[in-house]
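Peer 1: Residue strings, one per chain:
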Amino acid sequence: MYTPIFVFLYFALLACCSLCLYRIWRGPTPPDRTVAIDILGILLVGFAAIFSASTGKAYFMNVALAWALLSFIGTLALAKHMEGRNFDD
Amino acid sequence: MIKYLGIALLYAGVLFDLIGCIGLVRLPDVYNRLQAATKCVTLGTCMILAGTILMTTSLILAIQGIICLVFILITSPTAAHALARGAYKAGVKLWDKSIVDHYGEDQS
Amino acid sequence: MANKIILFLLSYLIWLLLTWPFDFSTGQINVQAIVAGFIASILVAMIMREISYHRLARLFNPLRYFWFCVYILVFSYYLVKSNLDVAFRVLHPDLPIKPGIVKIKTRLQTDTAITALANSITLTPGTLTVDYRNDGYFYVHWIYVTTFSQEEAAARIIGRFEWFIHKIFEG
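Protein chains in written order, with this note's numbering: chain A, 310 to 398; chain B, 604 to 711; chain C, 1178 to 1348.
Simulated from the structure, these hints should not be mistaken for laboratory data.
Every residue, glycine too, gets a C-beta built ideally from N, C-alpha and C.
Please note that a few of the clues may not be correct.
With a straight-line cut-off of 25 Å between C-alpha atoms, the simulated DSS-like cross-links for lysine-lysine are [to be verified]:
#1 K1280(C) with K1258(C)
#2 K1282(C) with K692(B)
#3 K366(A) with K606(B)
#4 K696(B) with K1258(C)
#5 K696(B) with K1280(C)
#6 K1280(C) with K692(B)
#7 K1275(C) with K1258(C)
#8 K1282(C) with K696(B)
#9 K389(A) with K1275(C)
#10 K389(A) with K696(B)
#11 K1258(C) with K692(B)
#12 K1344(C) with K1258(C)
#13 K389(A) with K606(B)
#14 K1280(C) with K1344(C)
#15 K1282(C) with K1344(C)
Ranges between beta-carbon positions, derived for each pair [stated by the list, open to error]:
#16 I1183(C) with I669(B): 43 to 53 Å
#17 I605(B) with F1325(C): 42 to 52 Å
#18 I1206(C) with L330(A): 28 to 38 Å
#19 Y331(A) with V1208(C): 43 to 53 Å
#20 G694(B) with L378(A): 24 to 34 Å
#21 D1312(C) with Y368(A): 29 to 39 Å
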């Protein structure tokens, strides 16, 4: 799990996540922050996939699937909210 | 052999993720950021999942990885489209140096 | 009724793929997961609103699957190309972008085809769908606008995909 090949990948993905967090912190408007949150969700799916590749355990892929579903629904809800509509149309 | 192909895909995917996140920080307005980030991060994560599928020996992991890949490839553009529309409806202006806006012309 | 049966089969198939209750190495089958999935799929098919599949016979037309496979190859080429394009624009020190929202007309009719075309537009070089109007117009955010004319923009943005998607979803 902690072979140098994978450790490099973990650090690169951590750099991606910190760039997203910078945008969430700094983003001048709410839509900027929402975009960064969406991207952070997809990056974490990739993170879970790399974990399952390095450990060979299947349950990390379950985490990735559930995270992809939840992040998509959350993004849609935030987008509808920004648009100024109710959640039921 | 196929293991090294998987590792190469993992590295390429992480590289694309990194480029997408640099775009998220560097580009000037919401729509450009959304473009760079959505394209690069979608392809990057799909490459990571493909690399995982190639490297693994377990069947269930491969099946779930394929489902996850197809799911991300379908939902990520949809989320980007909803976000772009929401940002426009929320009143975020285009960048100052944008040269054309047919959408705003048709709204007013 | 036929729609509900298709919905049931689809959800049951996805359940089986997700849980994967077969173990080939030992030959055991997890009966619990199969039965639970069966009940859950029946409930889903009963509760869900009718989803209308017009012209059901088209699902079994092999020519559409052939064009779908060709389209996947073409699409992957443009996907990788668009990523290299974005990488060039992001890493270039002067940020060579010239953004704008243009309006293009499509001749596609069905909802599935329009959704597929919108997703293809988003994932290909320099373009992002912002909105769709019911009379057949897309509003597309373009990162490097090269033309103001509506027809030329349509030819450059969706000219390479519209034909394929028409073949696949409406042919």
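Peer 1: Could you run down the list of hints and mark each one as holding or not?
Peer 2: Going down the list of hints, with the structure as the test:
1. K1280(C) with K1258(C): Status holds; Cα separation ~23 Å.
2. K1282(C) with K692(B): holds (22 Å)
3. K366(A) with K606(B): At roughly 16 Å apart (the allowed maximum being 25 Å), K606(B) and K366(A) satisfy the hint.
4. K696(B) with K1258(C): violated (29 Å)
5. K696(B) with K1280(C): Within the cut-off at roughly 17 Å; holds.
6. K1280(C) with K692(B): Holds. K1280(C) to K692(B) sits at ~17 Å (cutoff 25 Å).
7. K1275(C) with K1258(C): holds (19 Å)
8. K1282(C) with K696(B): holds (24 Å)
9. K389(A) with K1275(C): violated (28 Å)
10. K389(A) with K696(B): Holds - the C-alpha atoms of K696(B) and K389(A) are around 18 Å apart, at most 25 Å.
11. K1258(C) with K692(B): violated (31 Å)
12. K1344(C) with K1258(C): holds (24 Å)
13. K389(A) with K606(B): violated (43 Å)
14. K1280(C) with K1344(C): Holds. K1280(C) to K1344(C) sits at ~24 Å (cutoff 25 Å).
15. K1282(C) with K1344(C): Given that 25 Å is the threshold and the Cα spacing comes to 18 Å, the pair holds.
16. I1183(C) with I669(B): 43 to 53 Å: violated (22 Å)
17. I605(B) with F1325(C): 42 to 52 Å: holds (49 Å)
18. I1206(C) with L330(A): 28 to 38 Å: violated (46 Å)
19. Y331(A) with V1208(C): 43 to 53 Å: holds (51 Å)
20. G694(B) with L378(A): 24 to 34 Å: This hint holds: roughly 30 Å between Cβ atoms.
21. D1312(C) with Y368(A): 29 to 39 Å: With a Cβ separation near 48 Å, D1312(C) and Y368(A) fall outside 29 to 39 Å, so the hint is violated.
When each numbered hint is compared with the structure, violations occur for hints 4, 9, 11, 13, 16, 18, 21.
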